[in-house]
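Protein chains: 2
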Amino acid sequence: MVADPLVVFMPSGKRGHFPVGTPVLTAARRLGVDLDSVCGGRGICSKCQVSPGIGSFPKLGLTVTEDALSPWNAVEARYDEKRGLKPGRRLGCQATIQKDVVIDVPEGSQVHRQVVRKDATAREITLDAATRLMLVSVDEPDMHTPTGDLERLNRALKAQWNLDGVTAPLPVLAKLQGALRKGDWSVTVAIHHDHRDTPRLVDVWPGFYEGGIYGLAIDLGSTTIAAHLCNLQTGEVVLSSGIMNPQIRFGEDLMSRVSYAMMNPGGDVEMTRAVREALNVLIEELIADAKLEPRAVVEAVIVCNPVMHHLLLGIDPVELGQAPFALATSSALSLAMQELELTALNPAARAYLLPCIAGHVGADAAAVALSEAPGQQEALTLVVDVGTNAEILLGDRTKVLACSSPTGPAFEGAQISSGQRAAPGAIEAIRIDPDTKEPRFRVIGCDLWSDEDGFDAATKATGITGICGSGIIEAVAEMRMAGLVDASGLIGSAEQAGTPRLQPEGRTQVYVIYDDGDRRITVTQGDIRAIQLAKSALYAGARLLMDARGVDRVERIVLAGAFGAHISPLHAMVLGMIPDARLEDVSSAGNAAGTGARIALLNRAARAEIEETVTRIQKVETAIEPRFQDHFVAANALPHASDPFPELSKIVTLPDVSFNQAGQEGGRQRRRKRS
Amino acid sequence: MVADPLVVFMPSGKRGHFPVGTPVLTAARRLGVDLDSVCGGRGICSKCQVSPGIGSFPKLGLTVTEDALSPWNAVEARYDEKRGLKPGRRLGCQATIQKDVVIDVPEGSQVHRQVVRKDATAREITLDAATRLMLVSVDEPDMHTPTGDLERLNRALKAQWNLDGVTAPLPVLAKLQGALRKGDWSVTVAIHHDHRDTPRLVDVWPGFYEGGIYGLAIDLGSTTIAAHLCNLQTGEVVLSSGIMNPQIRFGEDLMSRVSYAMMNPGGDVEMTRAVREALNVLIEELIADAKLEPRAVVEAVIVCNPVMHHLLLGIDPVELGQAPFALATSSALSLAMQELELTALNPAARAYLLPCIAGHVGADAAAVALSEAPGQQEALTLVVDVGTNAEILLGDRTKVLACSSPTGPAFEGAQISSGQRAAPGAIEAIRIDPDTKEPRFRVIGCDLWSDEDGFDAATKATGITGICGSGIIEAVAEMRMAGLVDASGLIGSAEQAGTPRLQPEGRTQVYVIYDDGDRRITVTQGDIRAIQLAKSALYAGARLLMDARGVDRVERIVLAGAFGAHISPLHAMVLGMIPDARLEDVSSAGNAAGTGARIALLNRAARAEIEETVTRIQKVETAIEPRFQDHFVAANALPHASDPFPELSKIVTLPDVSFNQAGQEGGRQRRRKRS
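Going down the list, the sequences are from chains V and D. Here the first sequence stands for residues 1 to 675, numbered as in UniProt numbering. Here the second sequence stands for residues 1 to 675, numbered as in UniProt numbering.
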């Protein structure tokens, strides 16, 4: 008796003997090989493409001949004619095993393929979305053994996809009968099945649905709302977009919004309505721009701070404005998007909200913890998520601490005289010559510096319109390095600092970055004060965590935030936004909260992981910690009144100027190394 | 060492030894004695009242002394002063065990007390509602170990009520923080926890809520919608009410409504809106009449036929209009009332829909099966639920068969010339003297017959306004018995039948029951034909089940339906609505579907029971069974063209008249016993 042929799947190396004639997909499923299929092996979806390896495989002790798989059949020929199969590819559900064979499963055919993150190194995402498409053949009804169409669909899902007890919301149930009959008893269903809920029917299409399904990763910030539209079958980000949080009109920072709710009966309801409307607008635009049908967008993951969390859910945030800062609920939530009145997408779409860590440390901090995984680091890592409300995490394998700090919206360009959001025309980088005190800058939408040839032509369309968050950070830091601003944050006069770009405005000075007669872009004393307040809050929060951990310095710093990727580590350290560190130990993680949302959207196991992780994070409440005030006051200076910055001083020498008229030190400019 | 005192609870007989000082409630809980408590033993709710038995209990070998329980304490004294305790009663949570004692748990203190049904004998209901009230003390938030209020409520529910994983819909969650603080960290929660869902918070009140919670048992019929408002803590029916189903304007019977949906795009949506609006009106009126707050009504059970089921759910019923009559779903459903747009009650109220048995045999038939339990009977029992669509069940312990039959609305007084719904002024009973052919009758709202003294005065307020369902059944049967109508259903002329109350109207005759010059109430030939069609459909359905069972007669008949209790068994049999049987074997069960809904509302185990029962009921599809037509035609005669009615003929001799002019038999009136 001849043994059944041996099949070896690569790259997993899983192997087994199967009778001649076994389809490759069947063999893969028996062995638990990760080979995708939406149509369940009907030769329709082409997700199960494989590449047989022909030739000699000495390590496996195998020689594979050309006839190891069955010849092309009609289904493959038709598919190739209509869509084109790459050379060497076969459909795993059609090709059957004839002889010993090595089968390569290309990455695109793996269900749980790796999604490569463009913007960070912390972790890859294994695609395993909570919502999946499945083609299923349903028995026709039989009058003599009557059962409902949903019950027969469930029987088919159990038999064909090993899925039990799928329920259907009424609007989806209302579509089921029509779809089954139109599809001649074959339908594609979108099933949501995350780590905590029972499986749920989200949508149904007659026959084989080729349109794909999508999800949204939403970072709902105090000032800006950012969303990534992701393909749930490939993990790819199709489109990203942002919108201002319209709640700004009720208060720029969180506490002023809480106050608004306290002072104005029904104010919380107004703010809930505003944020839900903005989300609907953002979602609608994203879907329209991506040229998708709204029903193709079937899921969303939302991360936000506790106040936004409560306002989104329709819960009065008043308790978050006073000790003990009790959340209404801290657990992760799985909801229908319709419960949030988010209706611009599939009406049965689900929403997942990450857990909150504490009254001031929200689901956005949890998302940062998921994305940056400080608890998995060997080096003691400080993660600073810069925003109107900053999330700060400090930890390593042994322990993770977290707090939030109310930095205000200055870092996002708000409360800044020439501030604007990051958009074409905004100054995002700036350098000031320490000798001439002349600035050069770059604007969003153009790679040239303003002193390079062609800059004027290249920026003609957008103009030069203002300064965005990363621009203002660099501007203030550069002013400090060029001796235009002293350690206390005071701007010198033209005489004191020796440049006509310093001009009086009322009783203070401004630094003119740009002036074309029409538009004048300056950094004012008020701008410096706003940045000082913001950076002091950030630093004080980080310092509080370091106190709790009992350390004076950290080994690694990750700058995150909606514009985190654009912050220059050097300038952040000159400002004293972050503690002193070696520059090579400071990295940017981009929008870590948004990335955390995307991870939770694309991988349901990550949801269980972060729900468990947050229970082990130790919370530090900045709002009632007396040392926070002390740290805050000390952090007002640029970079700091008392903390030494030895690593910074190795690479930058800050001019030792003082423009305080009372102290009679104005105008003198001494260079010395900071001790 | 002296043994701990012995405590014996009556009527359960459960016993155990407990240390001196153990509260009676604690002892009851340890022994699993059914002793109610909403406040969890805080001396607030008074639900745990017990009566200690003093004296000698020879069968138990016990003598109980006056000091067997602790003396009255301050809590009991205060409660007695404020509310009054019945003599001999103690609060089980306050009185502690001192010596051997016998404790009687009065019925009112049992959670699972029996609810006595007024209208039927089939079964008692054990109170065990899915929604319960619980008083719970919640830990205050602690800033240093932050958790959400919901999470702390859950911890308290686990500790104090052994309830795990309670979830909260957003609107309830939004109320939680305020209630906890207003109630000083003590709240009463209404928790829904049926046999299939995880527990869910339905409402929350600060402190101890004394208002009670209520549920609705709704029988959604094709013609009328009936609802019982029940107290979920006592099982008592507080109020019942009914309303016409406004879908009548789209078609009087189910198939004409299905046709309406088929012929008019969006017609199903119109009908869904109509029935939901009517339900909201009915619920709103019931709650207002009972002087309750809408939020006190926290649950509903709904039973209906498959077409109403789909229209209520918002599903196009078109598939129910054609073979194979596939339901969109046949399983029982647990929903939020808001998903059905039923908003006149608590916004988080839950709805439970009983399962459907088949495309033509709905949740109403399941409710009848639950209420009348044919599958638990020794005698072969026929249950006929009379309505516009009749549900018919035949069975005994060995097997149950079910079908439905489209009787049309004639039995509910619709399509009858003088017909009206059962309301004061409607003729509900009628007798016709076989010699004088003169009628006498009774109207709803008055116990006197029309030939009794004082009838005119007693009915002056309501007037005599028409004939309701039971009235028309009696009228036609009496006309047959008095020789005014022949076996074919033809009304004789004044000359033929010998009474001036028969008067020509066009080419046919009418019988004048009442004429005061103003209002004239008659039975027309058209009325007789409508009743004949209706009763033939009913009889044919029953006969089809008897064929399937292989029997010619049944041992017991139960007449059910919204007005089932009012149908005279004798008259029903004279008409041939039901098969021949001994009169004493025919009983009325009232609105069995409504009772089934009430059982499912008050006892969650009954939900699991009926879900299991329906899987074992054998369905017979009348719509495609050729014999149904034969049975229907043969059943047109009064009582029947061919089936013998031996039991009926023992007690009634039907005049052998024929008014067919062509047959030249008119006017001759022969009395003979039917063979």
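I should point out that these hints are in silico values taken from the structure, not numbers from a laboratory. For every residue, glycine included, the Cβ atom is placed at its ideal position computed from N, Cα and C. Misleading hints may appear alongside valid ones.
Unchecked claim - So, partial list: chain V residues that the calculated Cβ filter (under 7 Å) puts toward chain D:
id, residue
1, G148
2, L150
3, L170
4, E293
5, P324
6, G359
Comparing the hints with the structure gives:
Contact between G148 of chain V and chain D, as hinted, is supported at the beta carbon level, the nearest pair being about 4 Å apart and thus within 7 Å. With a cut of 7 Å, the hint placing L150 of chain V at the interface with chain D holds, because the nearest CB-to-CB distance is about 4 Å. Interface hint status for L170 of chain V: upheld, as the beta-carbon distance to the closest one in chain D is roughly 6 Å, under 7 Å. Checking E293 of chain V against chain D: minimum C-beta separation of about 22 Å lies over 7 Å; hint violated.
Look at P324 of chain V: its Cβ gets to within about 4 Å of chain D, closer than 7 Å, so that hint holds up. Here the hint on G359 of chain V is kept, as its CB sits about 6 Å from the closest CB of chain D, short of 7 Å.
Figure legend: structure checked against the earlier numbered hints; the only hint not met is number 4.
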